[in-house]
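**Q** Spelled out from the first residue to the last, the chains are:
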Amino acid sequence: MKEPRNALEVEDLAVRLGRADVVRDVSFNLPKASCLAIIGPNGAGKTVLLRTLIGALPHAGRITWAADTVLGYVPQKLDIERDLPLNGRDFLRAKAALAGSSGATQSEALRAVGLPEEVLATSIGNMSGGQFQRLLIAFALLGRPNVLLLDEPAAGIDAPGQAHLNEVIHGLQDSSAMTVLLVSHDLSVVYQYADYVLCLGRHGTCFGPPRAALTPETLYEVYGQPVGFHVHHHS
Amino acid sequence: MSTITPELGSVALSALMAVAAGLIGSFAVMRRMVLAADPISHIALPGIGIALMLRISPLWGALALLLLGAVLIWAVERRARIATEVVIGVTFAVALAVGSIITSGDELIDALLGTPGTLTLREAVLGVVGSLVVIAFVLRQRNALVVRLISPEIAMTSAVDVARLDLYFLLAFALTIGIGLRFLGVLLMGSLIIIPAAIARRFARSLAAMLVLSATTAVVSTAAGTYVASVAGRPSGPFIVMTAGGLFFLSLLHRREA
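These protein sequence lines are chains L and P, in that order.
Mapping of the first sequence onto this note's numbering: residues 3 to 237, in sequence order.
Mapping of the second sequence onto this note's numbering: residues 56 to 313, in sequence order.
Just so you know, these hints were derived from the structure itself, not from any lab.
Just so you know, even glycine gets a beta-carbon here, dropped at the ideal spot from N, CA and C.
Everything hinted at is true.
According to the in silico footprint, chain L covers these stretches of chain P (three or more CB under 8 Å from chain L): (1) 200-208; (2) 213-224; (3) 251-259.
This is chain L alone, in the form it adopts within the complex:
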């Protein structure tokens, strides 16, 4: 049988929460090992879309993941109490046990996100925002996912930390041919790293390679106002 080329196929997806249509008419195909950036103004349904894709919300339409899909999910800033009696080791050990991965894999995941082993003994309340976010990515990596979904992973992190996090994510994508779905507000990151962009706007959606899909006109339509951005050029 022919190996499917797409990691994800979405057709006429719609999500209704209470009386509100939060996501409407979303259709796209995402090839394996590519990076999709999901953009849009606040309240456009980006987080709802990611949560629907992982199966956490009821929906209309069709979502088809490739048969061999293993998901890793990094949620938006978590609303957990920082004084929970849990340290980095408790976090990773719990996931490793569920995923059946070894202690060596835990070290590997920490190295991949650039965290020192000492973080294992640090309670989550004593971690910086950036450390905690990277721990969550290491956590997602433990199940050896081939698809990584990240909801604004750089939110609340300082500029150097954000740059490092972006390098980590895209380094992972390059080294392990991972498919990445990323919610981002940073259009320069979208241009720099994404193969495809999905915009969820007030008046409809757009999908395509960033340079083709993100014209000043579509950006105006998505955000309802002119959007200025700086495009990084990289080889």
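We have chain L already, so just place chain P on it with the hints.
**A** Relative to the frame of chain L, chain P by itself:
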């Protein structure tokens, strides 16, 4: 009805029950269910009243209603998507009202505060089996419970059946209350689940420390409270909770860093 050696059997059983309460309480406190523990235990009261009317052991009535209550909370929470504590608060205030009408006199006092005296064999067996089930559940599912605590969505992508885990957790919680009713009564059993875990949380820096400290504090409170109650010839529940409460206030002397 057959009975077991009162002293030793009762002490061993109360210790086992306390371990179960300390363990399930650890996750209840981390899941912000502190205010839910007491109201949940109140639903046992109408069960006790119904069992007494039917002339069967009050324990069965209490347990049946507690487990039914757990399923009810779970179902309503899933369907209505409202906070568990709202559902619990409303439903179980009504349960307490109904229970106090159909239970009366000395039976009501025993049901509310715990029954002094010897255990029947059936109560002892149920206590041992129930405690072991709760202890095994928490220890075996602790990884899934930790991941669920961090984020239900992460749990879903980690092959955890979140809905089922939530149901099992509520059932284990209800079972813990059921097996402790004999010692602490409807009014106070929730406290033995919550107070030791609240104390442990002030000191613990890891999950293992939290579980061990919480279970140990629950056992110490139960043993000391039961001993003082037996010397004073009074129901054990208030003394157990006073001990746990005293330890909690002592723990406030310890200042948490960060």
